[in-house]
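Engineer: Each protein sequence line maps, in turn, to chains A and B. First residue of the first sequence: 27, per my numbering; consecutive thereafter. First residue of the second sequence: -11, per my numbering; consecutive thereafter.
Hints were generated in silico from the structure; no laboratory data involved. Please note that the accuracy of each hint is not assured.
Below 30 angstroms or equal to it, Euclidean Cα-Cα: the simulated DSSO-like pairs (lysine-lysine) are [what the hints assert, rightly or not]:
| # | chain 1 | residue 1 | chain 2 | residue 2 |
| --- | --- | --- | --- | --- |
| 1 | B | LYS97 | B | LYS46 |
| 2 | B | LYS43 | A | LYS156 |
| 3 | A | LYS156 | B | LYS46 |
| 4 | B | LYS153 | B | LYS43 |
| 5 | B | LYS97 | B | LYS153 |
| 6 | B | LYS181 | B | LYS46 |
Residue-level listing of the chains:
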Amino acid sequence: MSDVSNGDERIKEISKFRQALIRPELGGIVGTVAVFVFFGLFAFDSGMFNSQGVMNWSVVSAQFMIIAVGACLLMIAGEFDLSVGSMIGFAGMMIAIFGVTLGWPMWIAILVTFAICVAFGALNGYIVVKTGLPSFIVTLATLFILRGFTIFIPQTVERKTIIGGIREAAEGDWLAPIFGAKIGAPIFNWLGDMGIISVFERGNRAGEPVVNGIPMLIVWAIGLVIVGHFVLTRTRFGNWIFAAGGDADAARNAGVPVSSVKIKMFMFTAFCATVFAVCQVMEFGSAGADRGLLKEFEAIIAVVIGGALLTGGYGSVIGAALGALIFGVVQQGLFFAGVESSLFRVFLGIILLAAVILNTYIRRIITGER
Amino acid sequence: MSPIIEMKNIEKHFGSVIALAGVSVDVLPGECHCLLGDNGAGKSTFIKTMSGVHKPTKGEIVFDGQPMDFANPRAAISAGIATVHQHLGMIPLMSVARNFFMGNEPIKKVGPINVFDHDYANDVTMEEMKKMGINLRGPDQAVGTLSGGERQTVAIARAVHFGAKVLILDEPTSALGVRQTANVLATIDRVRKQGIAVVFITHNVRHAMAVGDRFTVLNRGKTLGTALKGEITPEALQDLMAGGQEMVALEGSLGGTV
Ligand SMILES: Nc1ncnc2c1ncn2[C@@H]1O[C@H](COP(=O)(O)OP(=O)(O)O)[C@@H](O)[C@H]1O
Ligand SMILES: [Mg+2]
Chain A
27 MSDVSNGDER IKEISKFRQA LIRPELGGIV GTVAVFVFFG LFAFDSGMFN SQGVMNWSVV
87 SAQFMIIAVG ACLLMIAGEF DLSVGSMIGF AGMMIAIFGV TLGWPMWIAI LVTFAICVAF
147 GALNGYIVVK TGLPSFIVTL ATLFILRGFT IFIPQTVERK TIIGGIREAA EGDWLAPIFG
207 AKIGAPIFNW LGDMGIISVF ERGNRAGEPV VNGIPMLIVW AIGLVIVGHF VLTRTRFGNW
267 IFAAGGDADA ARNAGVPVSS VKIKMFMFTA FCATVFAVCQ VMEFGSAGAD RGLLKEFEAI
327 IAVVIGGALL TGGYGSVIGA ALGALIFGVV QQGLFFAGVE SSLFRVFLGI ILLAAVILNT
387 YIRRIITGER
Chain B
-11 MSPIIEMKNI EKHFGSVIAL AGVSVDVLPG ECHCLLGDNG AGKSTFIKTM SGVHKPTKGE
49 IVFDGQPMDF ANPRAAISAG IATVHQHLGM IPLMSVARNF FMGNEPIKKV GPINVFDHDY
109 ANDVTMEEMK KMGINLRGPD QAVGTLSGGE RQTVAIARAV HFGAKVLILD EPTSALGVRQ
169 TANVLATIDR VRKQGIAVVF ITHNVRHAMA VGDRFTVLNR GKTLGTALKG EITPEALQDL
229 MAGGQEMVAL EGSLGGTV
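Build the full structure now, drawing on both the sequences and the hints.
Structural biologist: This is the structure we're talking about:
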């Protein structure tokens, strides 16, 4: 970079500004700052920034993040998965069926559910790779198939579409807390004692801090973001993900095992959806046949806000995580600010359009197209 | 000297299209073997069977004395066969360094984890590009910002770097200007002198004559034989490529400029 002086004089030094502009995370960073400034100015007193409020939008953002990481890597690899939402409903229901209806130990129910869902992910990938059909169509089919099973199975075996009793069934299990527990309770107790965060003033939890730990959901979200970012940017496999989505034929000719990369990304997306589902059923204590509705689109929107190209080959996990954060903060922030919740959808549509236009512009800068 | 790679009676059918109808070519280490032929003659299809992209419908490939059956491009690359495909195979959205090492990413260990050695990749890329006479802004410059000729040069530099035994170039000069063409021809010469076998596809007879040791002409999926340098004139090669007679007539009317 330093010796351009003796290089080709026709290569224009690109400005620092333009260089910053072609980082995929840029939109996410700007958006995050904008959203915090906005709510800081207009909703600071709404309770959104006290400990409970922060925990509230953090949990919602973490949920988006978990599925956004999977959707991000899959989109960079050049594919979509529209079955994520159905997969969330399906996975939760499987845990309820295995763990409650059939009474299996919860850890077996969780592991078997993971195996089934990741296998469905592999099947999605296998069909896409073998038939060459757009993943949009293949996973749209899976969306309906899985949702159908998620309603049919509990209706057949339990005559209802919501199955409760999961928290009781998970009592004493070794694996369930990895998805359902909270960590850091002593720290929060200490913070409560010090008066840094507020404590309940009456009731049977009087004296306990209002926020008594960080849910494992958030730990999963941060863990998946770190692992996803590391794999994408720092490993050989990450280069293959970019290559598979950038130009599958070119990648294949260069020796990249494109089919296997894509199938693995479908499996990873299914894995993320299952993590989401397990955390959710552990939190709610029940599984419902309508869980996860529209989550696939929310994941894709977070990823696009995060700077990934819908056409594949370009994007960032950190960007997607910021997209998820924006999503969570705005959704909950509007709630705190007492804004009519339907306006959230208006916001979503506008920001999606803005992000796609910005990304297209960035793509032109990178590829030099006009 | 025995051939590094022997292609025996290679046939390739795409459905009802017979792209190759029994082509035999062998390539010696240290020679530049030119493949000539008009558009659609089957040149690209032929070298794709050498580089593991297509499986031949019929025929035998002997590599380094062993019968070979490349399952995929990766197998061919690991065996030491590197290819610059006609449609390049560079990914515009990725950086030059990421493209350069695509499929052959250098690895270093950090604790128990294998990570992509970006420093090594960047250094090698800059150095190899400099050798080819291209000054990059930086190894992280996206390939999409390079000109056609520069992209071609990255592709060739990459293949030279990884083509341990056989280097295949499919019409590498067709998009290049005068100076870059000279550069590519000089690179072919340099690589050949290192004992690497070069397969050079072109339909420019002058380019072929400049570096070729042997010449094989393909026509409609068949070979019209292989000639040694000195055994054949540029005019005769041109005729063979065009399939004979009508070219002679055309050449007359154009005043010998073709
Ligand atoms: N993947 C393919 N499917 C069907 N036909 C093909 C395919 N690849 C090449 N062909 C056909 O094979 C013939 C030879 O093509 P090609 O090898 O690209 O010729 P050349 O490189 O000599 O110009 C052409 O008729 C082309 O249409
Ligand atoms: Mg060709």
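Engineer: Below or equal to 30 angstroms on CA atoms is what counts here, so check B/LYS97 against B/LYS46.
Structural biologist: Violated - the C-alpha atoms of B/LYS46 and B/LYS97 are around 43 angstroms apart, more than 30 angstroms.
Engineer: So if I understand the rule, the pair passes when the alpha-carbon distance is 30 angstroms or less; does B/LYS97 with B/LYS153 pass?
Structural biologist: Holds. B/LYS97 to B/LYS153 sits at ~28 angstroms (cutoff 30 angstroms).
Engineer: Check whether the Cα positions of B/LYS43 and A/LYS156 lie no farther apart than 30 angstroms.
Structural biologist: holds, 17 angstroms
Engineer: Given the hinted pair B/LYS153 and B/LYS43, is their alpha-carbon gap at most 30 angstroms?
Structural biologist: holds, 20 angstroms
Engineer: Measure nothing beyond the straight line between the CA atoms of B/LYS181 and B/LYS46; if it is 30 angstroms or shorter, mark the hint as holding.
Structural biologist: violated, 33 angstroms
Engineer: Holds or violated: are the alpha carbons of A/LYS156 and B/LYS46 at most 30 angstroms from each other?
Structural biologist: holds, 24 angstroms
The structure is inconsistent with the numbered hints 1 and 6, although it conforms to all the rest.
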